[in-house]
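Enquirer: Here's the letter readout for the chains.
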Amino acid sequence: MSITLDFNGKNLAKSKTLDLHYLPAKIDGDGEANVEQYFNNYTREATDYGSGVFTNALRGYPLMGQRLKVPEGFKGLVLQETEKPLSESSDRQLRLTGVFEEFTYWNYDKVPSNGDAYRQALIMSDVAQALAQPINEQDLEAEIARNKENTKTSP
Amino acid sequence: MSKKTTRGSKPKPDPDAEAAGKKSTATALKKVLFVAEKALPQDKDEQKLRLERFFHPGQNKEALFMTHDNVQIMELLEYAEPRRSWLVNSEVCSNGKIYMTAPLDPTLLAVHHLRKHCGQRAMSLDNIAVDEPSTSRLLNEIINPDSLKCVADVKKSGDLSFYKFNQERTLAWLALKTRQVVGVLKEKNVHCGHSAQSQNFVRSEKLAAETASTNEMDYTRMACDIVGRYLDSDLHEKLTSYLHITSEIQAIVEEKAASQKRKSKAGQEGGGETKKIKLNDNDASAKLKSSGLVDSDTDHNTSITSPTAAPPLKERSLTAKEKALAKGAKGTKSIASFFKVK
Chain A
1 MSITLDFNGK NLAKSKTLDL HYLPAKIDGD GEANVEQYFN NYTREATDYG
51 SGVFTNALRG YPLMGQRLKV PEGFKGLVLQ ETEKPLSESS DRQLRLTGVF
101 EEFTYWNYDK VPSNGDAYRQ ALIMSDVAQA LAQPINEQDL EAEIARNKEN
151 TKTSP
Chain R
1 MSKKTTRGSK PKPDPDAEAA GKKSTATALK KVLFVAEKAL PQDKDEQKLR
51 LERFFHPGQN KEALFMTHDN VQIMELLEYA EPRRSWLVNS EVCSNGKIYM
101 TAPLDPTLLA VHHLRKHCGQ RAMSLDNIAV DEPSTSRLLN EIINPDSLKC
151 VADVKKSGDL SFYKFNQERT LAWLALKTRQ VVGVLKEKNV HCGHSAQSQN
201 FVRSEKLAAE TASTNEMDYT RMACDIVGRY LDSDLHEKLT SYLHITSEIQ
251 AIVEEKAASQ KRKSKAGQEG GGETKKIKLN DNDASAKLKS SGLVDSDTDH
301 NTSITSPTAA PPLKERSLTA KEKALAKGAK GTKSIASFFK VK
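Chains as they are written, first to last, in UniProt numbering: chain A, 1 to 155; chain R, 1 to 342.
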């Protein structure tokens, strides 16, 4: 079984840019909502908390947000599955809905900071990069030799 | 009258509910991804990205990986918080996860298969796991055979290459990988101790310098755990002993002992104040408690003995003023005498 991301370079270049909000709430449901009128309309810049901090509210709960760029070297994509798979083992396809470079990150009643789980999770990407870095063969030989030395001298 | 009420309570078809039902079938779940730019198909590239399942040794089951053009393979990480969702343009998306690609050395995935099949004898890659399509695809189409030199002995005969798993090389290779990870953790100032620390507090430079020297082992342990996520558990254990990493519990005990030593030193310099000694005592019992060397019964004993040890200190600390008071009080009736049982 494999899943194909059904787009090529051309589709990607032509795709529309989306406006995304990352909300700190679980919403049970998908579908249309009047975001422009009832949400975006109430976004205010709150300079008291620093530059680039926005405030809004969701059902009366205060939100504090910030425009964030997609991490460097990455592109944000939104994909959608148009056809439900007939069975578990059948091949599936995901269609491209749009792309984004920036999104608004919202916290519930807290100014976004480096303490947010989201920002800390991004460190993992650098860690993975380091882990994937290939090892030079000379270094490997040196390490093997060094380890042999150590085991000889220690007992 | 009664007829009217029944008519009124008749459930009306809710237009909203019907519309919502229709919509949820029309708009299937959306997914938000961060995909590495260099992996995305370029302008004239007709190749499409694929998500495939390969065996993930750390999770001991298959996991999704993103492949492109049979050359690149990336891990698909999932970032999820308990309560998150997206607004995409004018739509609500209940799936509040972010799927993120992370670079991956496919050799890590191959190690599991080489250990399993080529531990005793050398085999050519197309003979390994012929009955598992995803494994043979990984070994034959995705992995660069040259990279396997780091974890296996390669024997060539004519055009054919045979691979035999080499544990010594693998461990050395993994140790170097771990060191690379340590480098990044240090660079990013990731806190690696066993105790949690808030990012909100600004640490003083003095403290930072002090911890930097002591927690080299903490960094290595964390890095080793990260590398271990891609390994079979027994291989992870071997790597841990190869790197001479002490277990975390032992580290906690050692650190407590070290801090106690520091404190008692400071106490001697300060002229041995009674308060400091007392603190030390508490610390020792806390250490014993945390180390699990003492079970709760004996722990209880130590807490009883510490107050009995305190009185002699109290006597010593009688000041001149108190002595004068005691002198003045001589001959007068003690207040306690009024409350004696007759």
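A couple of the hints might just be wrong.
Computed footprint of chain R on chain A, listed as stretches where at least three residues anywhere in the stretch have a Cβ under 8 Å from a Cβ of chain R [to be verified]:
1) 23-34
2) 44-51
3) 54-62
4) 71-82
5) 112-126
6) 130-142
Just some of the chain A residues that point at chain R, by a computed CB distance under 8 Å [what the hints assert, rightly or not]:
7) GLY9
8) LEU18
9) LEU20
10) SER90
11) TYR105
12) THR151
To be clear, the hints were calculated from the coordinates, so they are not data collected in a lab.
No residue lacks a Cβ here, since even glycine has one placed at the ideal position from N, Cα and C.
Enquirer: Give a verdict on every hint.
Expert: Tested hints:
1. Given as covered by chain R, the region 23-34 of chain A passes the check, having 12 residues with a CB less than 8 Å from a CB of that chain where 3 are the minimum.
2. With a threshold of 8 Å between beta carbons, the proposed coverage of the region 44-51 of chain A by chain R is violated, since 0 of its residues qualify and at least three are required.
3. With 0 residues having a Cβ less than 8 Å from any Cβ of chain R, the region 54-62 of chain A misses the three-residue criterion, and the hint is violated.
4. Only when three residues or more bring their CB closer than 8 Å to a CB of chain R does the claim for the region 71-82 of chain A stand; here the count is 11, and the claim holds.
5. Coverage of the region 112-126 of chain A by chain R holds [criterion: at least 3 residues with CB-CB distance below 8 Å; count 11].
6. Check on the region 130-142 of chain A: 9 of its residues sit with their Cβ under 8 Å from a Cβ of chain R, so the three-residue criterion for coverage holds.
7. With a cut of 8 Å, the hint placing A/GLY9 at the interface with chain R holds, because the nearest CB-to-CB distance is about 4 Å.
8. Among the interface hints, the one on A/LEU18 holds; its C-beta lies about 6 Å from the nearest C-beta in chain R, closer than the 8 Å criterion.
9. Below 8 Å, beta-carbon pairs count as interface contacts, and A/LEU20 has one with chain R at about 6 Å; its hint therefore holds.
10. Restraint check, A/SER90 versus chain R: the minimum CB separation of about 14 Å is more than 8 Å; hint violated.
11. Checking A/TYR105 against chain R: minimum C-beta separation of about 10 Å lies over 8 Å; hint violated.
12. Here the hint on A/THR151 is broken, as its CB sits about 10 Å from the closest CB of chain R, past 8 Å.
In summary, the numbered hints that this structure violates are 2, 3, 10, 11 and 12.
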